[in-house]
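**Student:** When you get a sec, could you build the whole thing from the sequences and use the hints?
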Amino acid sequence: MADVINHVLNTMLGLNAPEWLIIFISNSIAVTLIFAIAPLQMLFMTYFERRAIARMQDRLGPNRVGPKGIFQPVADGVKMFTKEDIVPTAADKMVHLLAPCVVAAPVMFMFAVIPWGPGMYAVDLDTGLLFFFAISSVSAVGLMMAGWASYNKFALLGAMRAVAQMVSYEVPALISIAVIVMLTNSMSIVSIIEAQSGLFISQVDVAGIPDLGLGWFIFSPVGLLGFICFFIAALAEGERTPFDIPEADSEIVAGYMTEYSGMKFALFFLAQYLLNFLLCAITVITFFGGWQGPGISWLWSMAVSEANPAGNPIFNVLAGILGTFYFLAKTYFFFFVMIWIRGAFPRLRVDQLMGFGWKFVIPLTIVNIFSASLWIGWIRWELNPDLAFLSALGEPYSFARWGFAFVATLVMNVAAYTLMTRINRSPDETIDELVADQVFGAVTLR
Amino acid sequence: MKAEGTMIKTEELQINIGPQHPSTHGVFRMLVTVDGETIVDLKPVFGYLHRNHEQIAEVNTYLQNMPYTDRLDYFNSMANNQAYAMAVEKLAEIEVPERAEYIRVIMVELTRILNHASALGFLINDMGAWQTPLAFGMREREKILDLFESTSGARLMCNYFRFGGVVRDLPPDFVPRLQSLLTGLPTFIDEFERMLRENEILRIRSEGIGVLPKEVAISYSVTGPVLRGSGIPYDIRKAEPYSIYDRFDFDVPIGTVGDVYDRFLVRIEEMRQSKRILEQALKQLPDAEGGHINPKARQNIRPPVGDAYTRIESPKGELGFYLVSDGGQTPYRYKVRAPSFINLTPLSDMCRGYKVADVVVILGSIDIVMGEVDR
Amino acid sequence: MPLITPDDLRKQLGADLPGAVASVHPVVEGLPAFLETGDLLIEADFLPRVAVYVRDVLGYTYLSDIVAVDYLDYQLFELVYRFYHLEGGRDLVIKVRVPRDNPSVPSLTPFWPGADLNEREAFDLFGITFTGHPYLKRIYMWDELDGHPMRKDFPKQGDKYLGDES
Amino acid sequence: MNIPIERGKVVTVARGQSTSVAGFSLSKGLGVVFRHWRRAWFEKQHQNVPATASESAPNAGNDKSKPTAFVTLEDMSKSYGTFTVEYPEQRIKLPEAYRNMPVLLYDDETGHELCTSCFQCQRICPPQVIHMTQAKDPASGKPVPSVAEFIIEYDACMSCGFCAEVCPFDAIKMDHEFELSTHDHPSLTVYKRDLNRPVSYYESIAPGFWAEARERAYKKLATNMKRRPGAIGIAPHLTEKITAAQAQAAQAAAAQAPAAKAPAKKAAAPRAADTAAAPTDKEAKLAAIRARNAAQKGGSAPAAGTAADAPLPTDKEAKLAAIRARNAAKKGGSTPAAETSAEESPPTDDKAARLAAIRARNAAKKGDATPSEESDQPAAETPPANDKAARLAAIRARNAAQKATEAAEQAADSATSTPEAPASSSEEGKPLDEKAARLAEIRARNAARKKGDQE
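Sequences listed follow chains A, B, C and D, in order. Mapping to our numbering: the first sequence position 106 is 106, numbers consecutive. Offset between the second sequence (1-based) and our numbering: plus 1000. Offset between the third sequence (1-based) and our numbering: plus 2000. Offset between the fourth sequence (1-based) and our numbering: plus 3000.
Worth flagging that the hints you see were computed from the coordinates, not collected in a lab. No false leads were mixed into what you were given.
In silico contact screen, one side only, chain B against chain C (beta carbon under 8 Å); selected entries:
#1 F1046
#2 H1050
#3 S1221
The calculated lysine-lysine pairs, modelled on DSBU-like cross-linking and capped at a C-alpha distance of 30 Å, are:
#4 A:K153 with C:K2137
#5 D:K3219 with B:K1296
#6 B:K1283 with D:K3009
#7 D:K3078 with B:K1283
#8 A:K68 with D:K3044
#9 A:K68 with A:K79
#10 A:K359 with B:K1355
#11 B:K1090 with C:K2152
#12 A:K153 with A:K93
#13 A:K68 with D:K3093
#14 B:K1296 with D:K3220
#15 B:K1214 with D:K3009
#16 B:K1043 with C:K2137
#17 A:K153 with B:K1355
Ideal Cβ placement from N, Cα and C applies to all residues, glycine included.
**Tutor:** If you want it as structure tokens, here you go:
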């Protein structure tokens, strides 16, 4: 964004504005946009979720407020604002008040590093991914605060569950993402997206075919397994079914949100939906190329950028629109998948969730790290000066090498998956074993 | 079950699940002592919906009690009506025409389908599904309720049975609509099974949970799908055939382990068997003799002195009515043997040692209705 | 299907458990017509022994129901126990009559945990004490309630917690 | 009928292992849900059905601007597509047998109610919410096969339909109207005037059922009508119309005889016979006379007419007086005479008394809102069950009277050419709240006079 503003102010208008002003203006615009767009996303998401899940259940969903019920979230917002704010007498008032803020604020921070389109990001940190996940962990503190301050046993149980779940699922999420970091040699979100250009056989360029922006990491066995593990972990972090255990309404009423009402409750809701959005977004960014897609590179090549300062800002806008469209379409597809899963499955139990995380997902992600190193080794052989002569063998050789890497990692990952499902299958217990610990009354049966 | 050898001293926590809780199926309260998330003890607390139904019944005349039986288990008002009507008929020695018996069987089997459809939906809901299986079950239920409404005039509180028959004959479009419903029913059951039967999440949530071994199930007097889920082929329709159930060919599904999963499967299979009964009943209905009600049967009766107990296999289990008559207009004693009440007896033993999340699942698999439990 | 008539049962019990079958009405001399019953009437003290006999010897393993009936005019409570054989067939009924002023019956809960809630209900609504019951508390009514609402002499009008009005 | 008895077998439900690769049987569930999602966009399970005129009439509800579409579930085998019925705009077509709350039927032509107050429904009603009093012949005091007042407490009714089943005269039937929710709880105690429905209405909602019952119902009604003297047994809101028609006919027939004398003679008998009805009669006549005088005196002054359409042992004299009063008012005044039926039938309990008070207040409010109209004071209270309720009612009545006074003042303000205040007639019941009512009346009259004096 700074590039465009620089171009417009300095080059087109000839104002010769200093750099700090440009940065100031661009960041102000970015912050404003984030604060405007993020809650709107949440509004739309709630509407989208309710309509979509209603169709899955042969219902219509909200259809009263506005055409097709599109203003339902607004009505909900009004309701939330006008509701009485109830604080339990025994609650720790200060912490009770702070908790929703501590939950919601980090989520807003996380928007800072999300690129919506080519060049459309607030800040491109070199450690963008690290920032993203580090900040997302902060909300666990808020959840614990909420659970503790509510002075409610259900809230406390919910908070304990939430924290345990968040902590244990951050591990597989980060290990899955580490694969992408290995592939791209970067933690910058922008450069991760830029690395996913080209054809869908990633990392291989074929002469004569233009850049389609389809070089997504999902098209490799490493990326596929990484995506599966990461998406599972994302479901758990976003507290979505089948991992919505912290707020399991059929068990512990509403978890840590039990004693919240009105706007405080809405803040939790906002944070949760925005976190879901961000998790979908980061899934798209790391495995599905973010804003990458056909046509972006062509538009971007004519736009104003560091490489091409003399470009036309119109193309910036066009590329931004197209990129945002790709990005949002993919993100909302994954949000739809989340809804879809919510519509279909029951939820796990808390110990099963932990077992699944530690015994199944984490081993798989670790295997995936090995696969990734294998993949990287095969794909980038020529980077080794001793093996550079191999690149002279030409394209057929590079395809064969790619194919071999593909097959090898695929076999490795599938084998790991099968092995893990075998190991994790519940043992065939007999009834006697099942009821061994049960005491059926003080009765001696016949 | 405390983990042995732990160094950390833990404290037990008492939680009230209920009386106002999303998944206690009404105003039921469980006083749960937990160690972490593990249940150490569970005490069911009843009575929030108690209205002294039995004493109200002692004030009312025999006929006036009929609509009150609707309110016992409001999912299966037809089954309640049948059990009560049978008890009074036994007491006053009223005969029921054949056609009326067929109509009764059709109604009660429809009730069984609708009860199981919604009970399974609620069970999956308790497991944490977001309403979808319940919505599918409720859709079938609504269709059946449409049939009930066209026949009896009400969807839930049918009040359709009378002593010696039913209040009015089936409307002309009932049979074709029911046939259409029956052709569509396998789609629903198969889809429900396809969606959930092999679902890994459902399986790990229900397999080995709430196990009730055979002998325990008998000694706890549990009935219905819970008893059959434990592997005891005891179905009153077979064990002591009442009405005209000896004319139908149907199977009794039983489970092997006696856990939540078995109860789930038994209920699905029972819906299929009910469909079989309905098909046979529809085939035999045109040949049935008599009208919808015995014209000689008086409704405002004074049965002779004595007592009578009849029971039926209601969707939730053995539903019995015990009536003592002193020869007056009102019953001297009126007692309901409510299946969901008795089925709650083993709840605390079934839950002990499992997690909090399992409690609601076990409770859901028992399938209680508080209107019947608290009476 | 196994079927045992009350008469057969009476004979068998007379042979195996002498003294169990109640011959004389506990309170009122001479049985009024209202209280005549064809079912087996046993002495309250013998109840567990008869029940276990019915279960173990005759195979009626399923205790279906316990009903308490208040015969106010004859100053007695009647308890109706209903057993079933799991192979099917009709019920086996055992009746116990206890005087109304001090109703006490041995509990069956130690032998049949399924009797638990039924006995608690009878205790709550009729005030019949089941000796040997592990947890004999009120089940429907609140603990502070004075009286037992299903008794025939429980006032049907008025609520003493609200005063004599209404 | 001979059916070979086939016994089924015991089947053990197969728990079985998953048939697909571990982790992939979840996709089956996803598939099922997705299919529903996809098909819900295009398909609906409820089909529209054309509504007949009779169906849309009772069910049109409060919002008549929106057309109501009727839907039904014709194809029960279908399990895809949206199942929702968008309720206020769409309604499920109710089956004939549908039962909600009981209503009373009256004949369209003669206006005669089918009910003979045989007390069958009152006896069978499980929650005991039906109350009725039998009508009496004012001349002889003997019971007449007709109902004087009929009350159903809708709030406690359990819609079991027993009353409709036992009714030997097919007079009580179950209605299809189910939108009964209200903020006004006492209004759920429904009186005969609100319970009455014409036979044609019931025929439109349940044609098949009425076809069965029609012949025997009319046969019995014809017998009963012979035993009903005068206007007894005619639906209250039609009583006026029909008695007026009858009175006209009688006047036309007996042209020579002085019209005034005949009713006066008639009136003498019931006054002697039926003391309970006497105060009401007197009061009504008084009111009528006062109203007539007022109307005659003040040419354009608004006159208050009381329509004493009391469903209790009716007095022809009182009614006639009322009619005459109205006629006089019409003749005298160009402004329309406001009529509010202020007389309450004898309420059986305090609930009714309270209801009366509320109605009185409402009437007073109406008077407030439209000051040009004169609202008379509805203070008629009959013996309430206990004094507390009575006192309450009295207080409410007094309040209402005060409001009415204000209304009268306003009315006097607005009526420029009025030299004197219109008489506000109040009808009194039993002595308990007599004082309050009389006080209120006096106050109202004084206030009005004061106004008049000032002007």
